[in-house]
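If you read the protein sequences in the order shown, they are chains A and B.
For what it's worth, our numbering labels the leading residue of the first sequence as -18, then goes sequentially.
For what it's worth, our numbering labels the leading residue of the second sequence as 4, then goes sequentially.
These are computed hints drawn from the structure, not numbers from a lab.
Ideal placement from N, C-alpha and C gives every residue a C-beta, glycine not left out.
Just to be clear, a hint being listed does not mean it is correct.
Per label pair, the in silico range of CB-to-CB distance [stated by the list, open to error]:
#, chain 1, residue 1, chain 2, residue 2, range
1, A, Arg128, B, Lys64, 56 to 64 Å
2, A, Asn204, B, Gln193, 34 to 42 Å
3, B, Asn165, A, Gln156, 49 to 57 Å
4, B, Asn145, A, Ser13, 35 to 43 Å
5, A, Asn204, B, Gly70, 19 to 27 Å
6, A, Glu113, B, Asn145, 44 to 52 Å
7, A, Glu168, B, Lys160, 53 to 61 Å
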Amino acid sequence: MNLFEIAENNSTHLEAQHTLLTHDGDILRFSSSVSSGWTISINMRQCALNKFLKFGIYKNIYNLTKSEDELESHLGEAYKTRTTFDRTFENGELFKYGALNIGGLGLENYGNYCVMIKRTCARIYSLAFIKEHSFKYVHNGDGVNIRELEQDVADGSHVHMLAAIKHEEDLGDKQDIEWPTMICCNENYIEAITKDEISERHVDRVRVSQNYYNSQYNEYLFNYAYNISDISDDEIYRLGDFKEMQDLLRDKEIELEIIDES
Amino acid sequence: MKANLKIIAIASQDGWAFVQEDTRIVLLKPPYNYLDMVHVTRATVQKAIDIHGFEKCDVNKEFNNIGEIIQYIKRDYVQFKKTQGIDMPTPEELKGLLNYANDDVLISYLNKARNELIPLGKIIAAKSIASDLKELDRIVENPEICRLIEEILELCKSEMRNFEETKAEWTHKYPNISGKYDMASIICLQRATSQRGQLLRIVG
Chain A
-18 MNLFEIAENN
-8 STHLEAQHTL
2 LTHDGDILRF
12 SSSVSSGWTI
22 SINMRQCALN
32 KFLKFGIYKN
42 IYNLTKSEDE
52 LESHLGEAYK
62 TRTTFDRTFE
72 NGELFKYGAL
82 NIGGLGLENY
92 GNYCVMIKRT
102 CARIYSLAFI
112 KEHSFKYVHN
122 GDGVNIRELE
132 QDVADGSHVH
142 MLAAIKHEED
152 LGDKQDIEWP
162 TMICCNENYI
172 EAITKDEISE
182 RHVDRVRVSQ
192 NYYNSQYNEY
202 LFNYAYNISD
212 ISDDEIYRLG
222 DFKEMQDLLR
232 DKEIELEIID
242 ES
Chain B
4 MKANLKIIAI
14 ASQDGWAFVQ
24 EDTRIVLLKP
34 PYNYLDMVHV
44 TRATVQKAID
54 IHGFEKCDVN
64 KEFNNIGEII
74 QYIKRDYVQF
84 KKTQGIDMPT
94 PEELKGLLNY
104 ANDDVLISYL
114 NKARNELIPL
124 GKIIAAKSIA
134 SDLKELDRIV
144 ENPEICRLIE
154 EILELCKSEM
164 RNFEETKAEW
174 THKYPNISGK
184 YDMASIICLQ
194 RATSQRGQLL
204 RIVG
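With the rest of the complex left out, here is chain B (with noise of 0.2 Å):
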């Protein structure tokens, strides 16, 4: 049966938009998350739009479901930005966030890189994040950042050892497969069939 869901009112310039569901009111608002989405009443809707910059929405359109309106509010919201003339910043502008980042953010973002960036074979990924962190001037004040930022140059100078010396040995000995595939998805492979251990029982 089709939802009956539409939007009410709209902050299209910050994508925030409040949702009429039957009887319910919802308000999605970045990053769009299930915890994020509050049930409100009419009244705040109403003071949404008198007092808080909302336009009330006459978009004569229908949703199937919360998604197809996410979807619709995330293109509104990008559609303002190219209408303003605003281009997308580039990654590597958007990496003076780091400069910003709490420790626990620059903890989380290590650990990533060691626990999983690294098993995965994505090993410049994680070089790039341990070396950028590297750069921030405050990180001295904090052991543990220092620690694991060198623990992941390490580990990382070690896999491009392991790595450089698996491309030449299959190089060597599978010129064809080597020739074909990714090394590092190759070597990713390896790796999980030797942590699996033995496929076969072996038959006496």
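The following block holds chain A by itself, in its conformation from the complex (with noise of 0.2 Å):
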């Protein structure tokens, strides 16, 4: 069974939903949005952000694990789940996973970096945007539930309607600077599936909060560096990892966007 094809083959469904939505204008104005400014992101924590900067290539569980029973130990309970819902699929063992992300800092709860990956790559990739998380689809570790799936799953070139239909009801009472938080964020998101490489140099820009940054810089920095006041051993590697990160994201000419929450 190949996923992306059942997205692109749910295209026509998806098509006449959204026509039963677009008498309302905000939907209207937040697909057209969402179709012209989707990518994908991927939040990553430090060490996982350099290593994929130094290595070039984003690797998935599988290129980093060595043997089955070393994914299987990786994985713990969600061994079962992750394994039947990727070998449901053809390059099952390939896929990455990402979100849908029309700007913000994505699922800080999982990585305080919100990778963003270029828009001109993201739309030559093959990829398929699941409405839920992919692990909602999986039953009793038993199998894949296809009939629910196909209902759900989009390419890329139908996301924008998948993403109004999902937030049908949640447009009423958000405003338009609320929409990528909405769509992206560590409750809720649309699931971005992709077989092919990502590489480094996919990437447009590292997004990351300004309290973080600020913190790095103003209180510890600063304090370490001209000898103010002393700082913890845990502050100063995290300021060595901060380092490293930022020569790597010069040396690939990555921006680093500082992004105020407040």
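Fit chain to chain and form the complex, with the hints in mind.
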């Protein structure tokens, strides 16, 4: 089974559902905003981001583990669900997971750096967007509920329709400025899956919150570099990682974008 | 009463952890400020383990408060770095971060140097900040930064001159005190006393 074909084949169904919503001006504007502005993002913590920038290729769990035992040990309780989902589809072990993103810091509970892929690159990836987290479609670890999944999946050309269908009811009490967070936040996101290689050359920018950025410079570097007051060993190591990342971003000409959330 | 706190999932290489406090779950992440502590659901923790590289924590240890947990996570992170054979960077190495700092950061450094360090007598640190920032190529694009740097360097020069004069005066007049105490502290105290003005009421 090919997940990307399933996504493509759902286009007619999405168009029909979307047409039913388009009497609403807000939904039309939302849909059009997603259509023009979408890309995919992956949230990473410092260690994973530095590794990605150093090695140049984003590795998935199958690349990172050397044997089935190691894979099972790493995934723990999720082993059965993850492998069931991935191995149901052709090239499933090449799948990399991200999220639909039109702005913002993404899923900050899992990684404070939001790696934004260039729109031009995202648009040529083979992509399948799923309305919910893919695990939702694996039942009791027994198999993937394809009938349910095929209604909730879109390719890149129809992802704005999937987003509009998903957020139809949320739009009423949201300002335009809140749309990016509504689409991609800790509690709610549209999962993006690709089998294509994600290279550091595909990265448009890396986003980080102003709070975190300022803490590194104003609380830690200032005190440590100029011997103003002691900082703890973990903070010194963290500054080292932060600097390594900035060196790598400079070498690869990737912008670190500071986002003020206030 | 002892709080029922335990770590339920951890990412040691980054110092992140999910902590259970009775029925609530809190995410702890650097820099561990109060505002960063978000409450999450069990589903979030599961997803963190399933997809985002967290490990289920089998540390059978209960903590008395969040502070103890943060100390534990920090030690765990440092231990991870040491196990990897990574040395701690030196202050000089980390000064390289100034090359990437945005203008707001540079201005805040200079404001702290002028408004906090110089009044405290930390002239060498203030001068060092201004001199380091003066070395950055891109500061020429920001006249405010250039102006602040020159202002601080001038202030430092004048403070150093005052320092030397005061030091000479104290050494001459009060050799015992100036031999025993740090001159910068004496000057700082002298300045604070002078700024406070009259301490005792003059009774006529």
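request  = Return the numbers of the hints above that this structure violates; sort them in rising order.
outcome  = Hint check: 1, 2 fail, others pass.
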